[in-house]
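J.: With the hints as extra help, turn the sequences into a complete structure.
Chains A, B and C, in that order, give the protein sequences.
Final position of the first sequence in the working numbering is 278; the numbers increase by one with none missing.
Final position of the second sequence in the working numbering is 1299; the numbers increase by one with none missing.
Final position of the third sequence in the working numbering is 2356; the numbers increase by one with none missing.
One should not assume that every hint holds.
If you only want the chain B side, here are some residues facing chain C, beta carbon under 7 angstroms, derived [as the list claims (entries may be wrong)]:
# : residue
1 : 1003
2 : 1004
3 : 1005
4 : 1009
Think of the hints as simulated: they come from the structure by calculation, not from any bench.
Beta carbons are placed, not taken as given, at the ideal position from N, Cα and C, and that holds for glycine.
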Amino acid sequence: MKRAGLYAAAAGFMLFAGFPFYWMLLTAFKQNRDLYVGAFDTRHVPWIFNDPPTLEHVRLLFGQTEFPRWVLNTLVVVVAVVVITVVVAVPAGYSLARLTGRWGERLGMGIFFTYLIPPTLLFIPFSRVVALLGLQNSLGALILVYPTITIPFCTWLVMGFVRSVPWDIEEQAMIDGYSRLAVIMKVAPRLIVPGILTVVVFSFTLVMQEFVYALTFLSSVDKMTVSLGVPIALVRGDVYHWGALMAAALVISIPLAIIYNLFIDRFIQGFTMGAVKG
Amino acid sequence: MILRRTLADREDVLGVAMLAPALIYVTLLVGVPFVLAILLSFSNATAGSLSFGWAGGRNYAAILGDPIFLRSLRNTAIVTIGSQVLVVVLATAAAQVFRAAFRGKRLARLVLLLPWAVPVSLAAIAWTWIFDSTFSVLNWTLKAAHLLHGWLYWLGDPGLALVAIIIVQAWRIFPFATVIVLAGLSSIPQDVVEAAIVDGAGFWRRLFKVELPLLLPVVAVAVLFGVVYTATDLGVVYILTGGGPANTTQVLPTLAFQRGVLGADLGQGAAIAVFLLPFLIVVAVAMLRLARRAEVGAR
Amino acid sequence: MDPIVVGVELRNLSRRFGDFHAVDGVDLSIREGELLVLLGPSGCGKTTLLRMIAGLERPTSGEIFIGGERVDADVPPRARGIAMVFQSYALYPHRTVAQNIAFPLEASGMPRSQIADKVRWAAEMFGIARYLERYPRQLSGGERQRVALCRALVRDPKVFLLDEPLANLDAKLRNTARDELKRFQRRIQRTTVYVTHDQVEAMGLGDRIAVMDHGKVRQIGTPQEVYEDPVDTFVATFVGQPPMNLVEVRDPALPPGTLLGFRPEHFLPQGHFASGEPTQVFCFAVRRVEYLGSDRYVYGSVAEQGFGEATVIAKLPAIVATPIPEGEALEFAVPRKALRYFDAATGARREGGRGP
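T.: See the structure below:
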């Protein structure tokens, strides 16, 4: 009895969380005549395939839209932002955890708080900065601006991670004949690989998800990223191609969800800031 | 001759050198724009020209006399509070379910995390389709169940549109909150819970007298991030309703975008966005207090 | 000035963390080739002291000399001619045993072929040649300790620093590991500083013991000196298990506020002493007897006028077969030469400790 209640509750939450994705799946593979039946027709059940599924929408998405281009654009931005974030945030997080002592803790907190300053507060001044730099309507604008979100959070993540790694191996290396710098270059990276990986994943998912800056800086369709292009530009005239739209959303969401699932615990440690002890 | 300390041994030098790029990046590209945002709100800058002059409080006077702005301020508060209340209820309940061991839990967790992982804009477009005026599956289901006799124009009716926005925001944040609460639950010392069981406390007593008080800081963290994510979010409203119908569902970020970017009035757009600050300051202060508490607790 | 060659010398060494004096004005001379144990409860500053010698912690004030060279201010750990074994052994998890042992040699720029030879030589010395290709996680605690010692040895250091190297081993292993460590140190004859909170380990290993408390060295001496002639009540109660009995006495012959100290194993039934031996006799109110196989511990208090009520423990070896009924008062005695006197207020030793 208690068991049944548990399953029912779990199913309820899964239905709420997963329903839009089920809907994406149906829409992406339904034939148009199955798809576009008004909801007032109660005899036509929209929850199932009434006609055999079709790949028509997927073909449209990859063949006749700018979607492949957007994927490529997104990947360019992802690689650049990941590189910048790793190069800047990993040393900073390490420094805050190991080298700067007490004031490092305060400073780390300060850097983390800049993560709370949202894009919607900064996009107006940024539109001016980007114009001044001549980066309007280019991926360069995103590459410049996205690290303002990833660096604070990732610095914080790395700091927390490095703290959780015992010092003694690095100290041992210092005694074994290496300078502090040599330890940082030769010994420390291997010890904080999981932390670096988390940074990569966080930066990747952020670029995939970001919408506000992309909307502000990018105007031509061929420059767009996935998260901007799909909802804004996958419209022909005034008509939404719902099948292709949902196919795109599905293609992007599933890999992201799987990656999230793998790294969730590390992200959470970053968010809870010691309110939860991992 | 013994080797003396070199720069490569100096922790202070290395520490500053490794921190400097991050500090410079954050200062130049968060600090400066932040100050600029506030300066712009007192200026008559437009997107077209690079020069701008001092406008004093004129932008603020203009928006405070603007019913659309006041409505968007109210909407921001309604959406934020409404969705976060839903989030707290859903997340604490879901955490109670998902802490138990059951068959298929890994798959269930993956499904639960989907809303958080998916890009906001793609989720919003999926919901737009779900709320479609002609093809809404919600309407079909309600009608098929004989719960609906008329017709619901989800995104066409101001009140319903706000409800839709709140649902989508809650849907997007509650998985994140659930995972945080779960992390909090697993960090409650088991012996405290076991002591409560031995003392004869039942499930509800244990939940309300032992676990929830211990969970409070963690739930607070979830809510604080939820507030930031909801109050400052542009994507959901922009894609779902575009602020419509007739500007009745504008929130601060969409209005700032409309006036500042689309309307090219940077000054007024900045002034509107500045009204997000109170939400953020409340959150920042609360976080600092929590962090201090956690620090004290750790000693 | 000092005739002995000094391995490590500390002069007025201090380390403060904020208001907390972790190490407070320590002077210490560690002789060439000796094994000195830093013994004290957790938080007494012994590890901080060791880390300052290693160069991992900078002193707030004071001087450190290693092999006659001053090193405290600007000599980094790598240049101090030291090797250290951490409590966790700090083996590099991504490197095999051989690569672990080779790591310090790589730092010194030794040619590859020479490194391989030296690693093999050292591994054979510790009997771990079989494990060279394994990773640390595939080794037992005792094997890890040997790898750590081996890695320390190949550096050919002037001074070994060991930070509770046995603390992570289980009790069974600890005895053999201790013996191995002592034999190793005897063989290489190298100055060694060994930190522990375990007084049995300290007594068993140390040529000399420095007992520390609250950042200060309370006493330094051979195990025997520290055990038999503690300079104060802290040392008297910290060294020895069970600790030295301390009873307040109000005797007109002694200055007021005197504590009488004696070891539990000297506190025996009166009939056990030869009639000529000068002893101090007490009436011992027995509360409880613990049978521990090789010994019996008898808990009680001195039931006489002029003595405080503190719990007193007698440790009777198995050969003392006298029946000890609980709840009764018996005649117990301590040889006069085993009595020590302390100042109740300061804890410091008072004269009149030796002989009748």
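J.: Holds or violated: residue 1005(B) as interface residue toward chain C, Cβ cutoff 7 angstroms?
T.: With a minimum Cβ separation of about 4 angstroms from chain C (threshold 7 angstroms), the hint on residue 1005(B) holds.
J.: Tell me if the interface restraint on residue 1009(B) is satisfied: Cβ within less than 7 angstroms of some Cβ in chain C.
T.: With a closest approach of 4 angstroms, the residue 1009(B) hint holds.
J.: Can you verify the interface hint for residue 1003(B): is its Cβ closer than 7 angstroms to any Cβ in chain C?
T.: holds, 4 angstroms
J.: Return the status of the interface hint for residue 1004(B): holds when the least beta-carbon distance to chain C is below 7 angstroms, violated otherwise.
T.: holds, 5 angstroms
In this structure, every one of the numbered hints holds.
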